[in-house]
Amino acid sequence: MSIDLKTIKHISKLSRISVDEKKAEKLAVDLNSIFDFIEKLNELKTDNVEPLTSVAETTLKLRSDEVKSKNLRDQVIKNSPKENEDYFVVPKVIE
Amino acid sequence: MSDITKQSLSELVENIKSKKLSSSEVTKAFVERSENSKELNAYITEDYANALNKAKKFDEKPNLDLKLPGIPMAVKDLFCTRDLRTTAGSKILNNFVPTYESTVTQNIWNEGAILMGKLNCDEFAMGSSNETSFFGNVQNPIDNNLVPGGSSGGSSSAVAAQLTPITIGTDTGGSIRQPASFTGTVGLKPTYGSCSRYGIVAFASSLDQAGPMAQNVKDCALLQEVISTYDEKDSTSIDFKRNEYSKELTKDIKGKKIGIPKEYRVDGMPKEIEDLWKKGIEYAKDCGAEIIDISLPHTNYALPTYYIVAPAEASSNLARYDGVKYGFRAEGENLIDMYEKTRSQGFGAEVQRRIMIGTYVLSSGYYDAYYLKAQKVRKLIKNDFDDAYKKVDAILTPSTPSSAFKIGEKTNDPVSMYLNDIFTVPVNLAGLPGISIPAGHDAKGYPLGLQIIGKAFDEQNILNIAYAMEEKINFKNNITDWWIK
Numbered sequence: 001m002s003i004d005l006k007t008i009k010h011i012s013k014l015s016r017i018s019v020d021e022k023k024a025e026k027l028a029v030d031l032n033s034i035f036d037f038i039e040k041l042n043e044l045k046t047d048n049v050e051p052l053t054s055v056a057e058t059t060l061k062l063r064s065d066e067v068k069s070k071n072l073r074d075q076v077i078k079n080s081p082k083e084n085e086d087y088f089v090v091p092k093v094i095e
Numbered sequence: 001m002s003d004i005t006k007q008s009l010s011e012l013v014e015n016i017k018s019k020k021l022s023s024s025e026v027t028k029a030f031v032e033r034s035e036n037s038k039e040l041n042a043y044i045t046e047d048y049a050n051a052l053n054k055a056k057k058f059d060e061k062p063n064l065d066l067k068l069p070g071i072p073m074a075v076k077d078l079f080c081t082r083d084l085r086t087t088a089g090s091k092i093l094n095n096f097v098p099t100y101e102s103t104v105t106q107n108i109w110n111e112g113a114i115l116m117g118k119l120n121c122d123e124f125a126m127g128s129s130n131e132t133s134f135f136g137n138v139q140n141p142i143d144n145n146l147v148p149g150g151s152s153g154g155s156s157s158a159v160a161a162q163l164t165p166i167t168i169g170t171d172t173g174g175s176i177r178q179p180a181s182f183t184g185t186v187g188l189k190p191t192y193g194s195c196s197r198y199g200i201v202a203f204a205s206s207l208d209q210a211g212p213m214a215q216n217v218k219d220c221a222l223l224q225e226v227i228s229t230y231d232e233k234d235s236t237s238i239d240f241k242r243n244e245y246s247k248e249l250t251k252d253i254k255g256k257k258i259g260i261p262k263e264y265r266v267d268g269m270p271k272e273i274e275d276l277w278k279k280g281i282e283y284a285k286d287c288g289a290e291i292i293d294i295s296l297p298h299t300n301y302a303l304p305t306y307y308i309v310a311p312a313e314a315s316s317n318l319a320r321y322d323g324v325k326y327g328f329r330a331e332g333e334n335l336i337d338m339y340e341k342t343r344s345q346g347f348g349a350e351v352q353r354r355i356m357i358g359t360y361v362l363s364s365g366y367y368d369a370y371y372l373k374a375q376k377v378r379k380l381i382k383n384d385f386d387d388a389y390k391k392v393d394a395i396l397t398p399s400t401p402s403s404a405f406k407i408g409e410k411t412n413d414p415v416s417m418y419l420n421d422i423f424t425v426p427v428n429l430a431g432l433p434g435i436s437i438p439a440g441h442d443a444k445g446y447p448l449g450l451q452i453i454g455k456a457f458d459e460q461n462i463l464n465i466a467y468a469m470e471e472k473i474n475f476k477n478n479i480t481d482w483w484i485k
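These protein sequences, in sequence, are chains A and B.
With the working numbering, letter number 66 in the first sequence gets 66, and the count goes up by one each step, no holes.
With the working numbering, letter number 315 in the second sequence gets 315, and the count goes up by one each step, no holes.
Careful, some of the hints might be misleading.
Here are the computed lysine-lysine pairs in the DSS-like style, where the Cα-Cα straight-line distance is at most 27 angstroms [to be verified]: (1) B:382 / B:91; (2) A:6 / B:341; (3) A:22 / B:410; (4) B:382 / A:40; (5) B:254 / A:92; (6) B:410 / A:23; (7) A:26 / B:91; (8) A:13 / B:91; (9) B:57 / B:67; (10) B:455 / A:61.
Hints are computed from structural coordinates only; laboratory data are not their basis.
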């Protein structure tokens, strides 16, 4: 399998990471060598194997639905890169 | 006492409890040694003034019933610490100051320990050499220009160099055990669900576990006893009966069945590692254990499986870094442009690489071929261990396929870097506990480790085996303080 530059551009768009030509070429080389290594899994027949989604063989615990912490606004906002009173600020979205 | 920093955690606890030492004396000694050791670059953030104040307060009203009374401790910078910057080794969290505390660190402070600072690590714990950190390489105290392993490289360096009596790391594919092996220290990755993940910067949620990194097995058992608690804030935390690991620690492992998996004899493994393993088998026999040959047939598929599962989970976990709610933001022409520039400038090369792999394997049309396939192989790997544990109580392997390498030696070849974790990754995939103990030196005098893998929730058993073997091995680290001018 080969990951071409067009695929790299597509993944970069899905990942929301901008890449220029130079970075895309480097990524293509790296990803191809990593996927060559990953392809080894195709040696195994797994048609009848159940996928393992969690190693913890327990079911999720239920808890009562009650508020345990409140008035956290200041804490939640505290680390925002751009602060404006009660809100997170982003570039204008709606014209 | 001039040699405070040379004492083990257990000795320090004993000396504080018997009032031979105060917390202030101990804290001052470790702060001074840390300040003289900046060359190692083990710390990202220092909090020495606060630590000394807290020690003073502790001494005014000492509670000597606690398990870690007035003990100073630096921790990996992947644990959120309230009001102290937490970076995960990344530019994107360079200015992040948590407003809450991780459960694991809270457990430690509840037992009387005092935070000294935050230790360097690979960016978002993605790396095996600490070279992906935004805050620079960490030096291994064993030798100049040698990597301390990763991702908990600041932690392994700090414990080996005695800048902190003990510490905690996190282990997703070997990030506690590999650096412990590279620095001649002890590192335990507990069973998945043993230590709460609440407040730990997430990398791959089905694999991440916190664990102790120590100078010896007894110290390691003591810290494990403190950090392992059921926590309702982590939905994968498991409510099982936890031992008092340090109190129940015993060197009597007579009759324990220890498995030797033939598949760990990998191609190209240096003879030194093979010899170390043979020596380890002899030590285990000397302790009264019974050695049994076993097979873990899917071992060779563990790394490829890991490099699908871990990046997939990482790409999902790291979607939260968008420059909006916290962390670094790059200005953009519009919202999408801001996201893309923030993530492109805020993440380092290895993290971007893994997000891209993860995004690709989860993307439309590829999910079944990669992610689902990997989950199925993960099941086969876990089945291998389940079958083996019908015959044995624990498994003995080398910790790493080589000793520590030079800084820069493997940075241009991601796959060769990934191969470092060949013996540790299967343990994470199966959710089992594993401990690395120092067991010898290679021809260059660099430490080598052995790994003992246990059944799920059987930390006590592998700690006991490690404790018994540690005495027979009688390992001594050769550290010359070369970095102190």
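Tested hints:
1. Proximity of residue 382 of chain B to residue 91 of chain B is assessed by CA-CA distance (about 36 angstroms); at most 27 angstroms being required, the pair is judged violated.
2. A threshold of 27 angstroms between alpha carbons decides the hint, and for residue 6 of chain A with residue 341 of chain B the separation of about 20 angstroms falls inside it, so the pair holds.
3. For the proposed pair residue 22 of chain A and residue 410 of chain B, the alpha carbon gap of about 21 angstroms is at most 27 angstroms, so the pair holds.
4. For the hint linking residue 382 of chain B to residue 40 of chain A, the alpha-carbon distance of about 18 angstroms falls within 27 angstroms, and the restraint holds.
5. Distance check on the hinted pair: residue 254 of chain B and residue 92 of chain A sit about 70 angstroms apart at the alpha-carbon level, beyond 27 angstroms; violated.
6. As the CA atoms of residue 410 of chain B and residue 23 of chain A are separated by approximately 19 angstroms, the hinted pair is consistent with the 27 angstroms bound.
7. About 21 angstroms separates the Cα atoms of residue 26 of chain A and residue 91 of chain B, which keeps this hinted pair within 27 angstroms; it holds.
8. For the given pair, residue 13 of chain A sits about 21 angstroms from residue 91 of chain B by alpha-carbon distance, which is consistent with the 27 angstroms threshold.
9. Of the supplied pair hints, the one linking residue 57 of chain B and residue 67 of chain B holds, its CA atoms being roughly 17 angstroms apart against a limit of 27 angstroms.
10. With a CA separation close to 23 angstroms, the supplied pair residue 455 of chain B and residue 61 of chain A stays within the 27 angstroms bound.
Of the numbered hints given earlier, the model fails hints 1 and 5; all others are met.
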